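*Asks:* Given the structure of chain A, go ahead and fit chain B onto it with the hints provided.
Respectively, the protein sequence lines represent chains A and B. Quick note, the first sequence lines up with residues 228 to 510 if you use my numbering. Quick note, the second sequence lines up with residues 200 to 1333 if you use my numbering.
I should point out that these hints are in silico values taken from the structure, not numbers from a laboratory. Be aware that one or more of the hints could be misleading.
[To be verified] Only pairs whose alpha carbons sit at most 16 Å apart, straight line, appear in this in silico EDC-like list of lysine to aspartate or glutamate: (1) A:K291 x B:E711; (2) B:K766 x B:D819; (3) B:K731 x B:E752; (4) B:K731 x B:E770; (5) B:K766 x B:D816; (6) A:K445 x B:E214; (7) B:K1129 x B:E1213; (8) A:K291 x B:D434; (9) A:K326 x A:E483; (10) A:K326 x A:E438; (11) A:K326 x A:D440; (12) A:K326 x A:E313; (13) A:K445 x B:E216; (14) A:K445 x B:D270; (15) A:K445 x A:D381.
[Stated by the list, open to error] Here are some chain A residues the structure puts well away from chain B; computed CB gaps all over 10 Å: (16) A254; (17) P267; (18) S437.
All values derive from a computational prediction rather than experimental measurement. Backbone N, C-alpha and C define an ideal beta-carbon position, used for all residues, glycine too.
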Amino acid sequence: MSITPRQFAQAAIKVRREISIDEHTTASHRVAVVRGLEGPAVVENLAIYLVGAGFARAFRSSLKIAQEFLELAPDEESEVARSVGEILGQDNGVDADFKSNRRDPWIAEGIGHLVLWLSRRLPALAARGQIQALTQLHVQSMEQGIDLAALYVDGAALGVHIGESKASVANATSNVAEAAAFFREFDDGDPIRGVQLRNVVQLLRESLRSELDGRVTKALWEENRCYGATVAYGDGSTFAPTRARKTYRDLSPGPEHVLLVCLCLADYPAFFDEVSDAMRGVI
Amino acid sequence: MYGSGTSVLFENLPELEGLTPDSARRVLSSVYGEILAQRLSAEVVTVDDATERHSYLRRLAAALESYAVFDRAEDDDEDVAASRAGAAFIAAEALSLAADLFAIQPERPYRYRLAHPAYLARVEAGLLYLIAGFDANATPCARAVPARPVDTRSLDGRFAEWACDAFRLLLFLRPQPRPAPRSASEAETVGDIEVVARAVLFEELGDCVTDYIAWLGVGEGSPSETADRLRQLADLLVAQRGAQHADIHHLARLLETAIRSTSPRALRAVPVPDGMANVTYLDYITARARGDDRMWPRPLLWPPARDFVSAYIRDAAHHVVVNAPTGSGKSAIAEIALTHALSQGWAVYLVPTNALANQVRADLAESLAPLEGVQVRAFVGDAEYSLLEDESVAADEADAGTVVVMTPEKCALALRLRPQLFENCGLCVFDECHLLRDGARGALAELVVGHVLAVAPECRIVLMSAMVANPDDLAAWLNEATGRTAAVVREPWRPTRTMRSVVGLDADPVREAAVAAFERLADRSTHFRFEKFPARHALLLGLCGPWSSGEAEDYALLRLPTATTLKVSRERTIQSSDWTNPTTAVVAEHLARSGFSTLAFTPADPHHAFSVAGRIDVVDVPREPIGERTQAYLVLAEDELGVTSRVRSNIENGVAVHTAALVDAERLASERAFREGSALVMAATGTVAQGLNFPATAVVVAGTVVGDRRDAATEEGRVRAQSQLLNALGRAGRAGVANQGLSIVVPEQLVLLSGPADNASLRNAVAFIASDDASTDVRSALGPLVERATEGRLDVGSATPEELVAYSYLPFQEQDGVSATDILARTLAVTRAPAGRDVTAAVVADSVLETGFAYLESTQAPEWLTGATYRTGLPFFQALRFQQARARLLQGGGEQAGNPPSSILGWIDHLFGVLRLVPPDTARAMLGRKLSAPRMAPLWADDAVGDDPLWEPHEEWLGAWGAVQDAVRLFISGQSLAAIAQEVLGAGRDVDPERTGGGKPLPRLIAFTNSTVERLSRFAGLVVACEELDPQLLPIEAIRDEGNSSWHSLALLPLALRCGCDSESSLSWFRFGLRLRRPAHRLARLFPLAAGIVGDAAAREWIGARLAEWLADDDGGRRDGDDDVLTAIKLLVS
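Okay, chain A solo, but in the shape it has when bound:
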């Protein structure tokens, strides 16, 4: 099962080749509607990416950390399988609540992570500039943390991308508003978000090329940032992805730098079941 970074990178590239993106600009934000996720090849590569960039990488990171201080030799395959089981369930027979509250949001978050990864080559998926450092896709639920963050460079400016992902068959409008509320916490200077943002920025900056490091302090001073929301929803819902939204209108990065990535799924339940099965298959 061992998935190397090269393998999940290749999987991501394959996904990129299969999907289509419709770009829209509204008065309040930009929109990228992503279609074509349900194709078998996409599902298969998506699964490789999610297992590789998510579970396997998280496991290896944690193992590497633990092994610095302890003598440990756990079995990767069984550990990853256990983690996948915890998040996805052993099969698709898990109850609906589990799917909608745990499994599907995690997969949507993984896709949000992939979207940001792909944005380096697909500017339509970039809320702003080009991503330079990106947080790892997390497996454990964070305590009120920031699920997804990255540092981008836009010309001379460096900034922070803050991401949020949501998934629901028919509540995309609420999901979009919830993501806006999340972003609003940063705009409002919520001190807790401030702590989290400082932590993640200072971690990511250490991966930057040295000529970019000097721009981080300025970025924090100028609060250079952009927001990217990823929302997965069923195609049959009443959600209108390209509409301007009141809740996005006054977000501090401005309409140019607030991106809503809409994952429009023709058969929402089937998609998540298929991705889950494919991930179990990867293991």
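*Replies:* Using the frame of chain A, we list chain B on its own:
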């Protein structure tokens, strides 16, 4: 809020658009203003926009932390390091102010404390304060994180909680590491690998903190290795790019920076003193760094101490002048200097007051205890001449290892009596050395320093003050006087910030209330001339440190909920005469109710402290209970007074009082009450400013007049007033408790405030508030003498008080190889004479001595009298009149040689016998302040004038002296002040316990015992010196014969009088038992000093043994027959 102590931190910020020192200062201060508004239930009015301000605040925190800690260093030279330290400070301020402002509390359960961003932010701010060198500011950050760990059974939780405790210990700077928790079991390590990873990360983090704490406490380890481990930890997390551990990465990097920046400041890094055993020094440094229940840990040097070590030890400057603000750790500097001196010789520690001497002695005795063979001494007595061995530096103390803490006056006495003992003095620390500029006291202090340097040319001098504007001049003095290097440590750093503000009336509501009151008055009968109305207060806050700016944006207005009751007249005028003290009381009470420990200064009059205290009632506010020792002092205070103590009722209401008009037990009770928190307010006069440390979080200053209003018209009076007022403002700030303090000035005249733009009128009314600090140039008080001597213009008849000190102090002939020229050559006045003036010590000395001799010849004074004045330090002219009166008395045959007094009381009779014959002008000069008792009035009668030594006193004069003697007799016999008042003042059966005015019986009596008795005791010393040098009553063979009761009681006389004791027994109990007058009498009655006890050492030992027996006898409890006083005494001597 940010004055000179922090200005350098703001001046070197990184270049970021819109970030300027002023804007940063303004925003931080403005946010503190918001916090004040919350705490004081006030409404805040500013020019700027709150949303923008908050945005700026969080950007300031994030960007400057990033710059200080995370930016990759390219040229980490000194300037960059200083700039980063400044950024760390401002980031810490921004983070902690934001945390205070938004008071974030966990809204939902969290797994462990470090999992909650609110607590993480506090730890973050604390570490940044350490990085910036503001160690004491980290303590409130630690306190904001709950002490109790969350009950967690998870592996990562267990280690996270331990790491959190370690961080708290580090921020508290308590180097007492705690053992690591149980290691991960095998079962735990096979669980979720992410949990295991997090656990090991916390374990490593906690381990690093613990190792560093242990190292600070002089344990094993290496800070650079610990810092390297943290860097590796951070690098590991970067490599894994795990956002889930970003918090640990952040803490690791902050901690790494904190260790690298603080370890060079560690106390343990101070080099071992020459000649001191390594082990001995290690014991000391370990105890000092770790602290204990009684001694605050001090593992790091604050910036002034760091600079001092650099100058005094590493660069080996012979002398150092330290100019650093109050509360910036000057006592730590003195301690370091002492540890480096004591292996070479003994040390003198000069302080301006006896109260401070006792405090310094107690503190040093505690902190230097681990140094084997070191002893710390202070004296009971004052400037009176005494032959008692415990009242001067003894020969066996002038050895290596002794610190003698004393006033310049006491030191002057010791130098005059036994100059040879100072030859081995290796160090002279002079605390509050700005005393040098203070008239006669300053002149004496300067001569003392010159004398020490003349006797001990190798002695190092450390001058310390918060108020010297010209430390370079003082260093040049020491350099020129000794030919040795003299460095200056000039460090405006202080650990707390003070928001300066002025209170006025909130214009609009006050106008409305006044109009409404006027309308009510108009409706009433014309019989009513006034109508009262509540005038709401408003506070104008200065946002840029001293009030030098005229821009409205540099000020904020707080509309307070408090009010002063004013009256409007039918002429539509507002009566504002009773504004200052009532407003001070109302505002101080509100501050106390809002959680501030508050000092209310009443600089105009010592009795105003009582009137302000009486208006404050915080009895219902939760506070610490009154401690049993405080209670005990109150019991003894009332025993001393003989009536109810107003200090008791004030303390019971939550208000302490500190003025010169207190009996000792009241003063001690007040100090304890405020320190322990049973009193939330201390109403105080300038006495508190004299070096005693009463940390408060708020200060209210009642008016801008200091002391006598007539002094305000003179330049000297203005400078002194400004200095005292600024010093009072600087008292707001309590290191380790609150990083910011609030000081409020109540102007003399009420002023209406509408908004921040009203600053101009206040800057006019309270001009001193625009000054940055209280420093003024220290000029030699002997300067005029030197000038006149050089020009040959000295004239005894027109001598200033400073010149009189020189005449008294300088030896007319060489003493132990030291002449007047030797002393003068080492004074500030001679070494730093104004440019162009050719001054030599020899010329000045010759001029002084010739003038003195000429005067002596003209007076036909006996030759020995110069020796007597030299020993006692009394002005020659007073001593001469005293001797002439003494000669008349003895010639009169009232007392005969061979039949001398054999008791203290007998010698008191002799003293007053002489005093009655002293001519009126000199007698009044000797007494000093006027005694306001009818029976004593003839001493100040218009017809009692002249200075004829053959003056014949009339009956009224003799009666007046009789009244003084009666008062003294009652005082030394142990009567209560009320009893003395009844007899001497005719105060009636029920003595008025009021203290609010100087005319009341108790304030009059206290002034008498504090001032007049002190002066009389110095003349008692002159009686001793006269008998020594010109034996008239005692046969010469009796002199210095301990067994001779006459001589023995004479030797006791000055101190007995000073301490209020009439027997050797009571005086011994005072000196070696409990330093309170009536308790000493009580103990003497209970345990009379056994016959055959000779000498101080024997008396001290005997009393120690009696006390031990007494305390052991009843297990510390109350025995049958013990009354409240005895119970209190027992508690205080235990």
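*Asks:* The structure should be examined with respect to each hint, and the outcome stated for every one.
*Replies:* Here is how each hint holds up against the structure:
Our distance criterion of 16 Å between C-alpha atoms is broken by K291 (chain A) and E711 (chain B), whose separation comes to about 73 Å. Our distance criterion of 16 Å between C-alpha atoms is broken by K766 (chain B) and D819 (chain B), whose separation comes to about 29 Å. For the hint pairing K731 (chain B) with E752 (chain B), the CA-to-CA distance comes to about 35 Å; that exceeds 16 Å, so the pair is violated. Between K731 (chain B) and E770 (chain B), the direct Cα distance comes to roughly 14 Å. Compliance with the 16 Å bound is thereby established for this hinted pair.
Distance restraint check for K766 (chain B) and D816 (chain B): the Cα-Cα separation of roughly 23 Å exceeds the 16 Å cut-off, and the hinted pair is therefore not satisfied. Proximity of K445 (chain A) to E214 (chain B) is assessed by CA-CA distance (about 9 Å); at most 16 Å being required, the pair is judged to hold. In summary, the hint linking K1129 (chain B) to E1213 (chain B) is supported, as the alpha carbons are separated by about 14 Å, within the 16 Å threshold. As the CA atoms of K291 (chain A) and D434 (chain B) are separated by approximately 12 Å, the hinted pair is consistent with the 16 Å bound.
For a cut-off of 16 Å, the pair hint linking K326 (chain A) to E483 (chain A) is broken: about 34 Å separates their Cα positions. Annotation: proposed proximity of K326 (chain A) to E438 (chain A) is violated, straight-line Cα distance about 44 Å (limit 16 Å). At most 16 Å may separate the alpha-carbon atoms for a hinted pair to count; K326 (chain A) and D440 (chain A) exceed this at roughly 41 Å. Pair hint K326 (chain A) plus E313 (chain A) holds up; C-alpha atoms about 11 Å apart against a cutoff of 16 Å.
With a C-alpha separation of about 9 Å, the suggested pair K445 (chain A) and E216 (chain B) falls inside the 16 Å cut-off, and the hint holds. Between the alpha carbons of K445 (chain A) and D270 (chain B) the distance comes to roughly 11 Å, so the proposed pair stays at or under 16 Å and holds. At most 16 Å may separate the alpha-carbon atoms for a hinted pair to count; K445 (chain A) and D381 (chain A) meet this at roughly 13 Å. The Cβ of A254 (chain A) lies farther than 10 Å from every Cβ of chain B, with a closest approach of about 23 Å, so its non-interface assignment holds.
The Cβ of P267 (chain A) sits about 31 Å from the closest Cβ of chain B, beyond the 10 Å cut-off, so the non-interface label holds. The claim that S437 (chain A) lies off the interface is violated: its Cβ sits roughly 6 Å from the closest Cβ of chain B, which falls inside the 10 Å cut-off.
Of the hints listed earlier, those the structure fails to meet are numbers 1, 2, 3, 5, 9, 10, 11, 18, in rising order.
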